[in-house]
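Chains U and H are the protein sequences, given in the same order.
Okay, so the first sequence: first residue is 0 according to numbering that gives the first Met the number 0, each after it adds one.
Okay, so the second sequence: first residue is 0 according to numbering that gives the first Met the number 0, each after it adds one.
Among the clues, some could well be false.
[Stated by the list, open to error] Mimicking SDA-like on lysine to any residue, the simulated pairs with C-alpha atoms at most 20 Å apart in a straight line are:
1) H:K194 - U:E31
2) H:K222 - U:L51
3) H:K222 - U:R55
4) H:K128 - U:E31
5) H:K128 - U:I60
6) H:K128 - U:S40
7) H:K128 - H:V81
8) U:K144 - U:N128
9) U:K340 - U:Y355
10) H:K222 - U:L450
11) U:K279 - U:T200
12) U:K319 - U:G420
13) H:K194 - U:C62
14) H:K222 - U:C62
15) H:K222 - U:H41
16) U:K357 - U:I382
17) U:K173 - U:A231
18) H:K128 - U:G43
19) U:K462 - U:L450
[As the list claims (entries may be wrong)] Label-pair ranges, simulated between beta-carbon atoms:
20) U:W246 - H:E197: 48 to 56 Å
21) H:S230 - U:K279: 25 to 33 Å
22) H:S149 - U:R190: 34 to 42 Å
23) H:S149 - U:R269: 40 to 48 Å
24) U:Y78 - H:T144: 27 to 35 Å
No lab work stands behind these hints: they were computed from the structure.
Think of the CB as a built atom: it goes at the ideal place given N, C-alpha and C, for glycine as much as any other residue.
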Amino acid sequence: MKCFQKYTAIIVLLVLLLNNPIFVRAVSDQGEVDVSLDVISHCGNGICEPELGEDRITCWIDCVCNYDGICELESGETYENCPSDCPPPVPPVSPVLVKPGPATIFPIIFNLLISRIMLNSADIYWETNKPALCQVFWGRTPEYKEEAISEAAFYLKHSTRITELLPATNYYFKIICQDPSGNETETVDQRFTTLTPPDITPPANISDFEATPEDSQIVLSWKNPPDPDFKAVKIVRSEDFYPLEPWDGTVVYDNAGTSFVDTGLVNGVRYYYTAFAYDKAGNYASGAITSAIPSVVPPVIPPIILPPPPIEPPPPEIEKITLEEFEFIQQGRRLIPIDGKIELKTELPLSASLAYEKVPEVLKTIMVTLERDNKLFSFLLRINKEKTAYEAIIQPPQPGVYPLTISILDYKNQTLKQIYGQMEILGEMLLEEPIFWLEKYRTYIYILLALIILGGILSLYKKKIAKPRET
Amino acid sequence: MISFSVLAMASNNYRIRPDSINVGGSDVQVSTLSGYKMIDTIGEVGAGGSFSPSGYKLKAGYRQIEEAIYISLTVPDEGDLVIDQPNNMEINVHKVTNTATGGVWRVQTNAPAGYTLSFSAGQTNCLRKDGSAYFTDYTEALTGTPEAWSADSSSYQFGFSAFGNDVNTGTWGSGTVCYDAGTTIPTNKYYLGLKGTENILVASSGESTAGTNTALCLAAEQKDVFAPNGSYSCQITGTAITQ
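Generate coordinates for the entire structure from the input sequences, incorporating the hints supplied.
The structure is reproduced here in structure tokens:
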């Protein structure tokens with residue numbers, strides 16, 4: 000009996016242990032959250048852009064194909080991502096025997112691809128269904144007059160690069176291929192457009208920039224340039240000198256208006272202003288300048304903004320600079336000063352520049368000032384991005400003759416040299432670039448012609464008088 | 000009826016609850032009320048008084064003195080786990096979660112032995128863009144050991160770190176922000192790569208808590224290469240378990 004009770008207890012214990020484990024059952028809770036990241040990158044747009052740092056290593060997805068005509072499987076090139084280098088996959092051979100019929104006569108041109116269209120070049124790739132000798136005819140019109148590129152052997156895969164193209168220009172081409180039997184086929188007319196270069200041309204400076212002093216304020220007014228991509232004018236103020244850069248001073252105005260009142264000024268202090276017109280691409284004009292001294296009683300005579308004449312001989316490099324050293328260009332044509340006078344048209348912007356190597360490093364500022372109606376309108380020549388010249392683009396005023404002063408200042412704002420001349424602004428277009436020697440010696444030529452004509456008349460008269468005597 | 004009584008035992012890691020051996024009964028959950036269990040015995044000597052709330056009559060035994068064990072995990076707002084500091088994904092510059100305090104996970108439990116909090120992802124290389132591109136899981140020098148952030152060359156990688164009262168500072172670093180004022184990762188925060196569905200222990204405690212926060216920090220970097228443009232996402236699962 001005792002044995003029975005013992006074994007029963009053990010059995011019951013085991014059964015209960017299996018069904019009622021003597022340990023704590025764990026409790027849990029879970030939650031999910033989505034993490035996000037936005038990558039804004041040029042990589043992945045399908046275009047290999049080395050200028051942005053993309054190459055086969057940094058952006059494999061765009062630059063896997065290097066267009067060298069070699070199928071580099073180890074680098075990941077395949078027919079799908081690099082058809083110019085890798086052949087198409089070989090289609091499976093059909094097990095069905097087809098009775099041979101007449102052979103296809105004409106080669107077929109297919110998989111035509113225009114790629115890597117740049118500012119001055121474009122790549123063309125195409126294939127033929129059988130070995131063919133091909134030519135590419137291209138030009139700026141569908142007459143393809145520029146060039147004909149010819150292959151030297153028969154190929155299945157073909158490619159060529161057309162170079163020396165003009166930016167932002169439409170080009171037309173067609174391909175003609177001939178097989179060894181002389182059968183020929185050609186594509187329909189094709190077309191592509193080269194890339195447009197970035198806009199790096201600043202707008203013309205504002206014109207008629209005036210500063211009218213009043214009590215504790217100065218009223219600024221101007222005319223905006225007519226450039227179609229003109230965006231706004233940034234006016235920078237300083238109490239030391241004319242700001243030479245858009246960030247060289249306090250910005251008091253940045254908008255597209257034509258006037259502004261600068262308030263909160265101190266009477267008796269001269270304030271210098273430079274107005275930088277800029278376009279939608281962020282190109283800044285060289286700057287138009289003016290200055291004024293606010294006062295309770297407006298001055299009778301407008302303050303002179305022209306720098307004072309130099310008080311001592313300038314450095315030799317500056318001494319050599321004359322008006323002829325400057326380049327004045329309008330509509331792509333250089334305007335040559337004649338006896339210190341430059342003739343130009345009113346409607347077109349004028350570019351004035353001086354080559355960088357003509358002036359020493361000590362140079363800081365070149366100012367061009369036109370005098371009109373007893374007022375002075377000045378502009379800065381500012382060094383260009385390439386550091387090849389000091390430049391300014393000016394919108395000429397109405398027709399008339401304007402005294403011109405070019406002031407060259409050093410880094411201490413001391414005048415090194417002043418050059419004087421005139422601008423004669425015409426109302427009509429100069430049709431051709433004036434011939435230098437003709438312009439210079441026009442008067443003497445007229446006199447010579449007059450003498451020749453007079454000599455001819457006298458000669459005829461002498462002959463006429465002498466003739467009756469002979470008879 | 001054969002009855003045994005067993006004294007309860009406990010240690011820092013577990014407790015054996017007092018139970019009884021009798022003809023029936025179970026501690027299997029018979030009520031699905033959130034976070035609670037009803038455990039009963041049959042055939043025990045009644046102890047305590049009986050009560051009948053809401054129409055029920057219960058002969059209470061000694062199990063009436065036991066409390067229900069619960070644990071709850073509050074997940075952070077998804078807006079706290081957007082990796083966008085600094086704004087642009089610059090090459091060779093790490094990018095971190097948009098809040099210095101990270102995404103906060105909060106655990107509450109009355110389990111006397113405390114809890115563990117682990118994280119996992121839905122798959123390896125979890126941070127993906129439409130399945131076509133992904134950031135690889137951060138590769139630490141010593142597998143499984145968080146380290147100061149240093150992405151591998153020629154790769155774009157994604158990793159995480161954490162801080163909080165129950166996070167081991169020796170493992171995850173002593174820093175208490177995901178990034179400093181310059182949006183750079185503090186050198187005292189250590190990062191690890193997620194390992195797909197494998198749970199990675201981040202926080203643990205040996206006692207109950209009315210609420211303990213664990214902040215998750217995330218970082219990504221494209222090292223010497225460009226990650227393809229697009230929106231990447233990854234689902235992170237936090238699991239809190241009582242001990």
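Each hint tested on the structure:
With a C-alpha separation of about 16 Å, the suggested pair K194 of chain H and E31 of chain U falls inside the 20 Å cut-off, and the hint holds. The hinted pair formed by K222 of chain H and L51 of chain U meets the criterion: a straight-line CA distance of about 16 Å does not exceed 20 Å. For a cut-off of 20 Å, the pair hint linking K222 of chain H to R55 of chain U stands: about 15 Å separates their Cα positions. Simply put, K128 of chain H and E31 of chain U have alpha-carbon atoms about 19 Å apart, close enough for the 20 Å limit, and the pair holds.
For the proposed pair K128 of chain H and I60 of chain U, the alpha carbon gap of about 14 Å is at most 20 Å, so the pair holds. Our distance criterion of 20 Å between C-alpha atoms is met by K128 of chain H and S40 of chain U, whose separation comes to about 13 Å. Under the criterion of a C-alpha separation no larger than 20 Å, the hint pairing K128 of chain H with V81 of chain H is consistent with the structure, at around 15 Å. A threshold of 20 Å between alpha carbons decides the hint, and for K144 of chain U with N128 of chain U the separation of about 28 Å lies outside it, so the pair is violated.
With a C-alpha separation of about 23 Å, the suggested pairing of K340 of chain U with Y355 of chain U is violated against the 20 Å cut-off. Straight-line distance between C-alpha atoms of K222 of chain H and L450 of chain U comes to about 85 Å, which puts the hinted pair past the 20 Å bound. The straight-line distance between the Cα atoms of K279 of chain U and T200 of chain U is roughly 11 Å, inside the 20 Å bound, and the hint therefore holds. A distance of roughly 16 Å separates the Cα atoms of K319 of chain U and G420 of chain U; the hinted pair therefore holds under the 20 Å criterion.
Using a Cα cut-off of 20 Å, the hinted pair K194 of chain H and C62 of chain U is violated, with the two alpha carbons roughly 31 Å apart. For the proposed pair K222 of chain H and C62 of chain U, the alpha carbon gap of about 17 Å is at most 20 Å, so the pair holds. Taking the CA atoms of K222 of chain H and H41 of chain U, the gap is about 16 Å. The hint holds against a cut of 20 Å. A C-alpha spacing of about 13 Å is found between K357 of chain U and I382 of chain U, which places the hinted pair at or below 20 Å, so the restraint holds.
Taken as a hint, the K173 of chain U and A231 of chain U pair is broken in the structure, with Cα atoms around 46 Å apart against an allowance of 20 Å. Simply put, K128 of chain H and G43 of chain U have alpha-carbon atoms about 12 Å apart, close enough for the 20 Å limit, and the pair holds. Between K462 of chain U and L450 of chain U the CA atoms are separated by roughly 18 Å; this keeps the pair inside 20 Å, and the hint holds. A beta carbon spacing of about 55 Å between W246 of chain U and E197 of chain H agrees with the range 48 to 56 Å that was offered as a hint.
A hinted range of 25 to 33 Å for the beta carbons of S230 of chain H and K279 of chain U is consistent with their spacing of about 30 Å. A C-beta distance of roughly 51 Å is found between S149 of chain H and R190 of chain U, which places it outside the suggested range of 34 to 42 Å. Separation of S149 of chain H from R269 of chain U is about 58 Å and departs from the stated range, judged on CB atoms against 40 to 48 Å. One distance hint, 27 to 35 Å for the beta-carbon pair Y78 of chain U and T144 of chain H, is violated here, with the actual separation near 45 Å.
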